[in-house]
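Modelling step: build the complete structure from the supplied sequences, incorporating the hints.
Listed in order, the protein sequences are those of chains H and U.
Throughout the first sequence, residue numbering follows my numbering, covering 1 to 114 in sequence.
Throughout the second sequence, residue numbering follows my numbering, covering 1001 to 1116 in sequence.
It is worth saying that the hints were derived from the structure and are not from the lab.
Any given hint might turn out to be false.
As the list claims (entries may be wrong) - Below, a list of computed lysine-lysine pairs in the BS3-like style, where the Cα atoms sit at most 30 Å apart:
(1) 1078(U) / 1055(U)
(2) 41(H) / 14(H)
(3) 20(H) / 41(H)
(4) 1073(U) / 14(H)
(5) 66(H) / 41(H)
(6) 1078(U) / 66(H)
As a plain string of letters, each chain reads:
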Amino acid sequence: GAVVSQHPSWVICKSGTSVKIECRSLDFQATTMFWYRQFPKQSLMLMATSNEGSKATYEQGVEKDKFLINHASLTLSTLTVTSAHPEDSSFYICSARSSLETQYFGPGTRLLVL
Amino acid sequence: AQTVTQSQPEMSVQEAETVTLSCTYDTSESDYYLFWYKQPPSRQMILVIRQEAYKQQNATENRFSVNFQKAAKSFSLKISDSQLGDAAMYFCAYRSVIFGNEKLTFGTGTRLTIIP
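Below you can see the structure in the form of structure tokens.
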């Protein structure tokens, strides 16, 4: 199947700093990428959908100024958590949709804000 | 809005036996996609199987097969010859084909334990 990479796999940062997470589709072009957040023992919660070259569409309740998403190319999307606080600690997962209409997921990024 | 329900928070099965995970969904659309994803302890989401709603034939991938009942809006996953590596959280997901609404809607998941 198609491969999606995510970097970093885990990050620890101080409160108030910003953290950037990269998501890459390695062997296919993804016109649409998605960012999810997952709390322990819960399902995935969609944060936003991004299309290459367009502004991201955020789900209700997700602060667009706090979670900045950039989808600059067909293989790269980034999520920046700005001015991170402990409540932003979570597991963030990206996914990319191939032309076959299937979404493939990255391995996730564990964020811990101290 | 579409909803996906997985009524079994946890399931267990003896190794080499067969287990069926349930999933129901609610939609007013006639065409859509359904997926089962597996999330092992590594937390990497892995596609298990997918079904197009317009196809009557149930999808099959090796030991994994689905029972797709469109009228009943049911999409169960059958795992045959269960293996230790099948232990994971399993998520059922729905995706619309309507442009602009193509996000995945997930169920709450079923944790599958394999008993050696």
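Now the hints, each set against the structure:
1. 1078(U) / 1055(U): 18 Å, holds
2. 41(H) / 14(H): 25 Å, holds
3. 20(H) / 41(H): 24 Å, holds
4. 1073(U) / 14(H): 47 Å, violated
5. 66(H) / 41(H): 24 Å, holds
6. 1078(U) / 66(H): Roughly 41 Å between the alpha carbons, so the hint for residue 1078(U) and residue 66(H) is violated.
Hint check: violations occur at hints 4, 6; the rest are consistent with the structure.
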